[in-house]
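Student: If you want our numbering, it's the position in the sequence shown, counting the first as 1, plus 43.
A portion of the hints provided could be inaccurate.
[Stated by the list, open to error] With a Cα cut of at most 27 angstroms, we get these calculated BS3-like pairs of lysine-lysine:
(1) 171 with 181
(2) 262 with 117
(3) 300 with 192
(4) 353 with 262
(5) 353 with 422
(6) 496 with 262
(7) 612 with 642
(8) 141 with 653
(9) 171 with 363
(10) 653 with 262
(11) 612 with 496
(12) 363 with 353
In case anyone wonders, no lab produced these hints; they're calculated from the structure.
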Amino acid sequence: MRNRSRAAGDSRVPPRRRRASGAAWAASHALFAMQVACGASMPQAADTVLRNGFVYTVDGADSVHQAVAVREGKIVYVGADSGVQGYVGPRTEVVDLKGRMLMPGLVDGHLHVMSGGAQRLMCSLEYKTHTITQLQQKIQACLDSEPAKGPDQWLEVTSWDRQGTVSVDADPTRAALDALRTQRPILVHSTDHHSALTNSRGMELAGITAQTPDPAGGKIGRDAGGQPTGIFEDAGIALLSAAMPPRTPEDDVRSAKAALDAIRRQGVTTFMDASSDERALRAFTAVQRSGELTARALFAILIDPDEVAKGPEKAIAAAKALSSSYDQPAAAPAPSVGARHIKVMLDGVLQAPAQTAAMLAPYHVNVGTDGAPRWVPGKHSGDVYYPPDTLKSLLLAAVEAGLDPHVHAIGDRAVRQTLDAYEAVRARLPGNDIRPAIAHCETVDPADFGRFKALGVIPVMSFQWAQEAPYSVDAMKHQLGPERYARLEPEGSLHNAGARLAYGSDWPIDPFAEFLALKIGVTRKGDPTHPASFGPSYAGRLNDDPLLPRNVALRAITMNSAYQLRLEKVVGSIEPGKFADMIVLDQNFLQIPEDDLGKIQVLMTMVGGKIVYTADSLRPKG
Numbered sequence: 044m045r046n047r048s049r050a051a052g053d054s055r056v057p058p059r060r061r062r063a064s065g066a067a068w069a070a071s072h073a074l075f076a077m078q079v080a081c082g083a084s085m086p087q088a089a090d091t092v093l094r095n096g097f098v099y100t101v102d103g104a105d106s107v108h109q110a111v112a113v114r115e116g117k118i119v120y121v122g123a124d125s126g127v128q129g130y131v132g133p134r135t136e137v138v139d140l141k142g143r144m145l146m147p148g149l150v151d152g153h154l155h156v157m158s159g160g161a162q163r164l165m166c167s168l169e170y171k172t173h174t175i176t177q178l179q180q181k182i183q184a185c186l187d188s189e190p191a192k193g194p195d196q197w198l199e200v201t202s203w204d205r206q207g208t209v210s211v212d213a214d215p216t217r218a219a220l221d222a223l224r225t226q227r228p229i230l231v232h233s234t235d236h237h238s239a240l241t242n243s244r245g246m247e248l249a250g251i252t253a254q255t256p257d258p259a260g261g262k263i264g265r266d267a268g269g270q271p272t273g274i275f276e277d278a279g280i281a282l283l284s285a286a287m288p289p290r291t292p293e294d295d296v297r298s299a300k301a302a303l304d305a306i307r308r309q310g311v312t313t314f315m316d317a318s319s320d321e322r323a324l325r326a327f328t329a330v331q332r333s334g335e336l337t338a339r340a341l342f343a344i345l346i347d348p349d350e351v352a353k354g355p356e357k358a359i360a361a362a363k364a365l366s367s368s369y370d371q372p373a374a375a376p377a378p379s380v381g382a383r384h385i386k387v388m389l390d391g392v393l394q395a396p397a398q399t400a401a402m403l404a405p406y407h408v409n410v411g412t413d414g415a416p417r418w419v420p421g422k423h424s425g426d427v428y429y430p431p432d433t434l435k436s437l438l439l440a441a442v443e444a445g446l447d448p449h450v451h452a453i454g455d456r457a458v459r460q461t462l463d464a465y466e467a468v469r470a471r472l473p474g475n476d477i478r479p480a481i482a483h484c485e486t487v488d489p490a491d492f493g494r495f496k497a498l499g500v501i502p503v504m505s506f507q508w509a510q511e512a513p514y515s516v517d518a519m520k521h522q523l524g525p526e527r528y529a530r531l532e533p534e535g536s537l538h539n540a541g542a543r544l545a546y547g548s549d550w551p552i553d554p555f556a557e558f559l560a561l562k563i564g565v566t567r568k569g570d571p572t573h574p575a576s577f578g579p580s581y582a583g584r585l586n587d588d589p590l591l592p593r594n595v596a597l598r599a600i601t602m603n604s605a606y607q608l609r610l611e612k613v614v615g616s617i618e619p620g621k622f623a624d625m626i627v628l629d630q631n632f633l634q635i636p637e638d639d640l641g642k643i644q645v646l647m648t649m650v651g652g653k654i655v656y657t658a659d660s661l662r663p664k665g
C-alpha cells in the first residue's frame, strides 16, 4: 500500500517528456543558429529574460525548458538558454533563476477575496480550536484593545472553528458572549462562513425575537422553548449583517488591498471571488484605476434567494446588469476586472452541529450512549435551497444570458441535483460553450463520478479538506457512516473518472496556504509542522480515495482553473503569446520529497510581465 501511494503521489515529469523537452531545446538552438548563418533578422529584444531555470510550462505535454523571454507583458520565447540569448538587448533585465522552478502563476478558482482582506484587519480567532472559556478570553482581549468604541459599535470576530469548539466543549450560545465585559454587539463568524454567533445586544439591534421567521436559505438557532440561541446559519447571518453600519467604499478598498497583498505573496496571479456583489466590483475597479491591481480579478455574482423567489429570470437579469456594468475583457497583459459568473448556494455544510449539506440518505445519530455509542440512520438528511425545477430554470437563464454558473454543492444529493440541472441545460442548448462548475463536491455518489466528464462539469475542489482532522474523525466518520466517509473529498476518484479538476482555496474559510493545499492533494495528509497547520491531529490521511499525481495537482491550480474562467488562451501555462503570469519557487514541486511540498515558498510573482512581489530573501541587502 505504501509503495503504491508513493508512486501515485510522486509524479515527477515523466522521462518521455524530459526527452521531448531536450529535443525542443536542440531544435530551438539549431533554428537560432540557422537564422544567424542565413543573415535573418535577430529577434526583437525582450523586456525581461529569465534563464538557467527549471521552467515547468504546464503546456499540453507538461514540457520543461530552461528560459523564458517577455516583451510588452507577453511571453515571446520558451526554450533553451542558448536560444534566449538573442532576446537580450542593452535594456533587457536578465534574471538568473539559478536552477529554481519557474511555473505559471496560480489560478485560484474559488476564494472570497473581500472577506479574506477584511479578516486581515479584524479580531481573529486564527482558526484555532478554543473552548468556550478560551473563546471568551480572546474576544475580551479584542474588546479591551478598543476602549474608545461605543455601545452601538459592532465587534466582528473571524476564523472561529465552531466544530473544534463543539468537539472539546459545547456549542456556545449568546450567553457566552453576554458574559463579557461590554455593551457592544458582537458577531463571531465561523471559519466556513456558514454559521455565526451573536450576543443578546446583537439580536436586539437586529430586531431578532422568537417570532422572527427563518429566512429563505438560512436558519435561526432556537432552544427548546423557541428562543433564539444566538447561532445563525447561512442566509440567517444576513439578518445580523443588515443591522450593522454599511461598510464605506474606503473600507472596501482597504480590504481589497489587504487581500491583494496576501494573494501575490501566495503566487496567485488570477482569482475568482466566489460570492460577490457590487461592493466588491466597485472596490477592485477603484484599485485597478489607481494602478494597484496585482492579480486578474474575476467575480461570481451571488444570486439572492429572495430575488429567485420573484422569478429566476429576474434574478439573472439583475446579475447580468451588474456584470455589464463592470465586466472587462482580458484583452491586455495588465490585470483587469471580470464579472462573467454567477454563484448559486444549493446547500450548506456537512459538519455537526449544522449538517445543512443535502444528502441522499439521512445523517446517522447515536441512539446509544457516549460510552457505548450506536450509530444508526436518523431522519435528517440536510436541505437544498432550491427545488430541482427552480435550479434548472435558474441555470438555464444564466447560460442564456452569457453567464457561467458556479454552484456550491457539498452533499451528494445537492451534487446530483446540480448535475441533473446541467444535463437539462445542455439538452436545451446543445452545442453551447458552457463552462459549468460545482464547487466543493465533498461527497459524490459513485454513480455520479462519470457524469462530470460526460457533461463537461468542472469540480472545483479544495484539496486541504482531504487531510485528517478532528472533526472528520470524531464527528463525520460516525455521522456519515463508513461508506460515505470512505468517499469524502473524492478528487482522486473524479480525476480517475476523467473530470477536469480545478482548484479553489476557499480562503478565508481556511488559512491561505496554497502549497500546503497542493501537498495535501498529492498525499491526502497534512503537515503538522507547517505554520498554517492546527497541530498533530491533522497529520493523518483522511481516507483511501486515490492520490493526485503532482502534475495533476499543479494543472488543477493553473490550466484547469484558467479553463473554468475562460482564460485558458491567455493564462494558465507558459507558452509564447500568453500573458507573462509566472512565479518562481524556492524548491521544485516535482522533485522534492513529499513531506517538503507544503513548505514551498514563492520567491517572485510576475503578472503581465510586471514583478508584483519579491520575497525578502531575494531583495538586495543594505
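Student: Taking each numbered hint in turn, which are not upheld by the structure, reported in ascending numerical order?
Tutor: As far as the earlier hints go, 2, 5, 6, 7, 9, 10 are violated by this structure, in ascending order.
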